[in-house]
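Trainee: One-letter residues, chain by chain:
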Amino acid sequence: MLNLYGSATGSNLSGKKVSSNMGGLIELADEYGVEAGVGGNVTYYTGSVSMSANQQIYDLTDPSIVSLEDGTPGTDAIEVKRIFHEAPPAIVKYFDPFVGTGLGSQNMLEGFGWGQFSPGVSFMMMPMNADLLRMQAIEFNDQIRKSTYSFQLINDRIKFFPIPNGSNFTKVYFQYIKKSDRSNPLKGEIGTVSDFSNIPYQNVTYSHINAVGKQWIRRYTLALCKEMLGYIRGKYSALPIPGADVTLNGSDLISAGQAEKEGLITELKEILDTMSRQAQLERKQAEADSLQQQINKIPLKIYIG
Amino acid sequence: MALFGSARDASLIRHINRELINNFIDIEVAFYKLSLEETKANMYDESDKKIYYSPMRLNCLAMKDEKSYIGDDSGYDSSRTGEFNFLRDDLKDKNIHIEEGDILEWDNEYYEIDTVGASQYWAGRNPATDIGQVEGDIDEFGYSVAVKVSAHVTRRNRLNLQEVRSGINKSSIIPRNL
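Chains A and B supply the protein sequences, listed in that same order. FYI, the numbering for the first sequence is 1 to 305, going by the working numbering. FYI, the numbering for the second sequence is 306 to 483, going by the working numbering.
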């Protein structure tokens, strides 16, 4: 079924080999991609909030300050996925001599007497954890000693840090999805295979069925005839004949026909189950295991050097 | 209007009866129709030399009773009665009308017919006499199944159907395996 999701319903698949594909699985994974922000089938739109001086908290449902690429603030339910209001990465301050925690490598090199060499040919080897700790120190410094760029989003209200002063930043952009898009159950193409009912399998041409199948059909037809004849004969419990009554074997025919039908259906299911891809693979694995065990019985040669 | 007993159902019964009587049970009797035109009667409308048409073979369900013996001053005699049930539609299709006085030959005995009746109806009605159907108000329902004939064994020398004084044993009474 997963191999056929989303394929065209017009083409007849009867008697054709259906190739395995990942289409159905990928489509199932789309919704996870949406939530992870790495693709999927829900559009990420862009919106922005206009800042006012000395106003730290903003209402995302206020259409006078919020601009949405698609939808109306306060009317369309949105879910903010990402806010582009972050402090610059610590690495950009790594070599900043004024940051306070920056790496004064030039001073150190000069202290060792190598200051006169060009930075392109002089290196100072330091452990990786020293770099990581230094960058962490820069971030802590910005967060604790300063009011770094960050935000807090709870429900419809968003609080920005630092307090906008009308010049440090005037507009904050964000990405969002419309909740109606995410909950829309009809994201795929209309008119394609959606379930078992519209897979384009048509009636199998009888002349194309092999002898095994035809034999099964004959037996099932016989069972149907028995059952039908049983219902006909069983309509009246006793039929009049000249001078007497006769009781026909309707109930026997019905029970025999039904039992044969049930048996044939069970037989067909079992055959189809054994023909499934999973069953075939399991069988091949069992064959391979058995073969390997047989081969293991072969005495190993003794190497004489 | 009855839900059951329609002409279609009657057709089922007719087919089953024909299959049963003609193919499976397959009891055949010879039917000798009395020729009234050729039979001469006396002033009391009696005749001791009845003339019959050539026999026809008919299928039926036949049963005969045990022989009963009567001994009196004039001698010792036996009698037997039998019952023959014909499918009415078979007789109708062959345009055969069984009446009292006709002869049935079965199991090397000749039965003179005493009574003829056709009152075995399926679904309780005879479509030929059903008032609603005759008047055209309703469809065909019911079915007249059988013609029931009661008869008694009669002496064959009275019938003029078979030579009984020739003194020759008829080969037909000897079983084939002897």
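Derived from the structure by calculation, the hints contain no laboratory data. On a predicted model such as this, the values are computed, not experimentally measured, just so you know. Errors might be hidden in some of the hints.
Within a straight-line C-alpha distance of at most 25 angstroms, the following computed SDA-like cross-link-like pairs (lysine to any residue) qualify [claimed, not checked]:
id, chain 1, residue 1, chain 2, residue 2
1, A, K235, B, L325
2, A, K226, B, A312
3, A, K226, B, K369
4, B, K369, A, A244
5, B, K397, B, A346
6, A, K146, A, Y94
7, A, K235, B, F309
8, B, K397, A, I241
9, A, K235, B, K369
10, A, K226, B, F309
11, A, K235, B, H320
Trainee: Are the hints correct? Go through all of them and say.
Mentor: Results of checking the hints against the structure:
1. A:K235 / B:L325: 18 angstroms, holds
2. A:K226 / B:A312: 24 angstroms, holds
3. A:K226 / B:K369: Roughly 37 angstroms between the alpha carbons, so the hint for A:K226 and B:K369 is violated.
4. B:K369 / A:A244: Holds: B:K369 and A:A244 sit about 15 angstroms apart, inside 25 angstroms.
5. B:K397 / B:A346: Cα-Cα ~29 angstroms, so violated.
6. A:K146 / A:Y94: Answer holds: A:K146 to A:Y94 is near 17 angstroms, not above 25 angstroms.
7. A:K235 / B:F309: 10 angstroms, holds
8. B:K397 / A:I241: 16 angstroms, holds
9. A:K235 / B:K369: 33 angstroms, violated
10. A:K226 / B:F309: The hint holds at about 23 angstroms.
11. A:K235 / B:H320: Distance of about 15 angstroms is within 25 angstroms: holds.
Violation of the numbered hints given earlier is confined to hints 3, 5 and 9; the remaining hints are satisfied by the structure.
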